[in-house]
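Going down the list, the protein sequences come from chains A and L.
Going by our numbering, 71 is the number at position 71 of the first sequence; the sequence numbering is gapless.
Going by our numbering, 101 is the number at position 101 of the second sequence; the sequence numbering is gapless.
Treat the hints with care, since some could be wrong.
Said to hold, decoys possible - Result set (BS3-like, lysine-lysine): computed pairs, CA atoms no more than 30 Å apart in a straight line: (1) K109(A) with K28(L); (2) K411(L) with K16(A); (3) K59(A) with K411(L); (4) K109(A) with K408(L); (5) K408(L) with K16(A); (6) K411(L) with K109(A); (7) K80(A) with K16(A).
Don't read these hints as lab results, they were simulated from the structure.
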Amino acid sequence: MAAEDLYREVILDHYKNPRGHGVIENADAQAEGVNPLCGDEVSIFVQFADDGETVEDVKFSGRGCAISQASTSMLMEMVKGRTAHEIAELPKEELLGEVGIPLTPIRLKCALLGLGVLKVALHRAKGTPLPEEWAGLDELELS
Amino acid sequence: MAVKAQSRLDARRLRADFPIFEQQIHGKPLAYLDSAVTSQKPRQVLDAMHTFYETSYANVHRGVYTLSERATAEFEQAREKVAGFINAPSAREIVFTRQATEALNLIAYAWGLNNLGPGDLAVVTELEHHSNFVPWQYIAKRAGAELRMIRVTDDGELDLDGLDEIGRDGAVKVVATNLVSNALGTINPVEKLVEWAHARGAIMVVDAAQAAPHHPVDVQALGCDFLALSAHKMCGPTGVGALWGRRELLEAMEPFNLGGHMISKVRFEETTWGEVPQKFEAGTMPIAEAVGLGAAIDYLNGIGVEAVEAHEQELAAVALERLGDVPGVLLYGPPADRRAGIVSFNVEGIHPHDVSQVLDSEGVAIRAGHHCCQPLMTRLGVAATNRASFYLYTVPEEIDRLVDGIRKAQKILG
Numbered sequence: 001m002a003a004e005d006l007y008r009e010v011i012l013d014h015y016k017n018p019r020g021h022g023v024i025e026n027a028d029a030q031a032e033g034v035n036p037l038c039g040d041e042v043s044i045f046v047q048f049a050d051d052g053e054t055v056e057d058v059k060f061s062g063r064g065c066a067i068s069q070a071s072t073s074m075l076m077e078m079v080k081g082r083t084a085h086e087i088a089e090l091p092k093e094e095l096l097g098e099v100g101i102p103l104t105p106i107r108l109k110c111a112l113l114g115l116g117v118l119k120v121a122l123h124r125a126k127g128t129p130l131p132e133e134w135a136g137l138d139e140l141e142l143s
Numbered sequence: 001m002a003v004k005a006q007s008r009l010d011a012r013r014l015r016a017d018f019p020i021f022e023q024q025i026h027g028k029p030l031a032y033l034d035s036a037v038t039s040q041k042p043r044q045v046l047d048a049m050h051t052f053y054e055t056s057y058a059n060v061h062r063g064v065y066t067l068s069e070r071a072t073a074e075f076e077q078a079r080e081k082v083a084g085f086i087n088a089p090s091a092r093e094i095v096f097t098r099q100a101t102e103a104l105n106l107i108a109y110a111w112g113l114n115n116l117g118p119g120d121l122a123v124v125t126e127l128e129h130h131s132n133f134v135p136w137q138y139i140a141k142r143a144g145a146e147l148r149m150i151r152v153t154d155d156g157e158l159d160l161d162g163l164d165e166i167g168r169d170g171a172v173k174v175v176a177t178n179l180v181s182n183a184l185g186t187i188n189p190v191e192k193l194v195e196w197a198h199a200r201g202a203i204m205v206v207d208a209a210q211a212a213p214h215h216p217v218d219v220q221a222l223g224c225d226f227l228a229l230s231a232h233k234m235c236g237p238t239g240v241g242a243l244w245g246r247r248e249l250l251e252a253m254e255p256f257n258l259g260g261h262m263i264s265k266v267r268f269e270e271t272t273w274g275e276v277p278q279k280f281e282a283g284t285m286p287i288a289e290a291v292g293l294g295a296a297i298d299y300l301n302g303i304g305v306e307a308v309e310a311h312e313q314e315l316a317a318v319a320l321e322r323l324g325d326v327p328g329v330l331l332y333g334p335p336a337d338r339r340a341g342i343v344s345f346n347v348e349g350i351h352p353h354d355v356s357q358v359l360d361s362e363g364v365a366i367r368a369g370h371h372c373c374q375p376l377m378t379r380l381g382v383a384a385t386n387r388a389s390f391y392l393y394t395v396p397e398e399i400d401r402l403v404d405g406i407r408k409a410q411k412i413l414g
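Using the sequences plus the hints, can you model the full thing?
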């Protein structure tokens with residue numbers, strides 16, 4: 001595959017101008033995750049609306065490749081306004097559809113790191129179910 | 001003293017021995033610049049294993065029939081070749097393992113658990129691959145001993161000035177280091193560490209996984225007590241490695257894996273162990289792989305490891321110079337004359353995954369990641385680096401393609 005097909009304009013735009021990049025102090029939900037293959041780290045912070053369910057604000061910080069940063073940026077736009085339970089059930093295909101590029105198994109891990117960390121954050125704060133594939137992230141203790 | 005003729009190798013001619021280069025990747029010739037993680041295999045090694053399976057295969061040390069004797073002879077001949085390759089005093093001191101990782105685990109468990117205790121220190125370096133770091137960290141903790149780390153300088157070379165301070169912290173029992181760093185290519189001053197270790201009554205463990213393919217290894221000249229290598233990094237197959245250890249240490253050690261072949265007598269009440277090295281070779285061994293390792297050693301001896309090293313140092317010097325000319329490229333590690341054919345670098349503002357992805361689209365394969373050296377990455381203050389590594393089949397044009405690919409990545413992602 002030509003590199004230009006992978007690094008489509010929309011990916012580069014999210015990578016260079018990430019949406020929701022930052023930190024929420026005293027966040028209602030928060031988690032950190034790492035991709036052990038490359039050491040990339042992502043932290044996600046969630047603030048709920050008064051109903052305690054709807055995501056009012058969500059931000060991420062960390063470092064990683066263009067794919068992980070762009071997909072996490074897209075995720076921030078995708079989940080704002082949804083409830084914790086809706087996000088817990090959000091299929092990864094929805095995010096991957098948005099990312100819209102063919103990914104090898106290794107790059108898939110990059111693209112899905114942010115989604116996994118978000119699901120862990122909600123699981124910890126709201127007890128929403130955590131699919132088996134993200135359980136490993138929940139056990140990670142980062143310094 | 002006779003001057004030893006330094007034969008040069010012809011990488012272009014040697015490439016023809018490697019069937020993998022007959023293909024294209026994304027329509028471009030394969031530039032395989034990831035030999036530090038594993039090397040490609042010459043036809044001579046593949047043929048030797050194939051022939052062994054077709055003509056001589058049986059289990060070893062088991063049958064009295066002709067085929068088993070033939071297989072045993074080839075297996076033991078491979079052991080002799082390993083001994084010769086690293087100048088071990090005796091082939092009986094060579095233990096076949098799955099790879100260097102298992103060899104290092106064998107030492108940590110079979111020696112470490114019985115020789116480390118409270119007040120003792122296991123000393124590793126900041127340059128270690130996880131395979132020579134994690135086992136010592138784990139075993140030291142289990143034994144109630146402590147782990148200490150020899151730091152590296154900003155150039156990625158061991159800072160030996162810190163040794164005396166480490167020595168004051170407790171009784172140094174084992175010092176473990178690699179001979180060549182897989183992440184930076186640093187060639188470590190093992191002889192000096194051996195001297196320091198032995199002066200304290202400690203044993204010296206050398207991880208030669210990254211050295212053996214590229215740098216002459218002589219266990220008697222190094223003066224170490226244990227040395228580990230992997231076949232797959234030196235033109236041999238996966239699934240086999242070797243441990244060399246001093247006979248008296250191996251004989252005094254407890255076994256590691258337990259089962260068939262490693263025993264002398266098995267009774268319900270008690271089992272006694274077989275002789276060294278069988279004591280450490282439980283179960284059916286990677287027989288054809290050991291034969292493949294023997295063929296790889298023949299192949300490397302035919303070229304001369306000194307010639308391989310000289311070729312790689314030339315390539316490393318070219319790569320450091322060419323990459324140093326690219327704005328935004330940060331290089332890690334020592335100068336070319338003190339490193340093996342490994343160049344670790346980062347491209348400012350571009351994650352290593354993205355650099356290597358763009359390079360892949362150009363048919364250039366490099367490694368991106370922490371290279372199983374997270375303590376070192378922490379020291380360098382990075383999560384990951386790009387790493388290009390060379391071998392006897394690497395040609396200078398591949399470095400040109402590496403540099404062009406990096407410029408392309410900068411154009412796309414910069």
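Consistency of the hints with the structure:
no.	hint	result
1	K109(A) with K28(L)	holds, 27 Å
2	K411(L) with K16(A)	holds, 13 Å
3	K59(A) with K411(L)	holds, 29 Å
4	K109(A) with K408(L)	holds, 24 Å
5	K408(L) with K16(A)	holds, 17 Å
6	K411(L) with K109(A)	holds, 25 Å
7	K80(A) with K16(A)	holds, 20 Å
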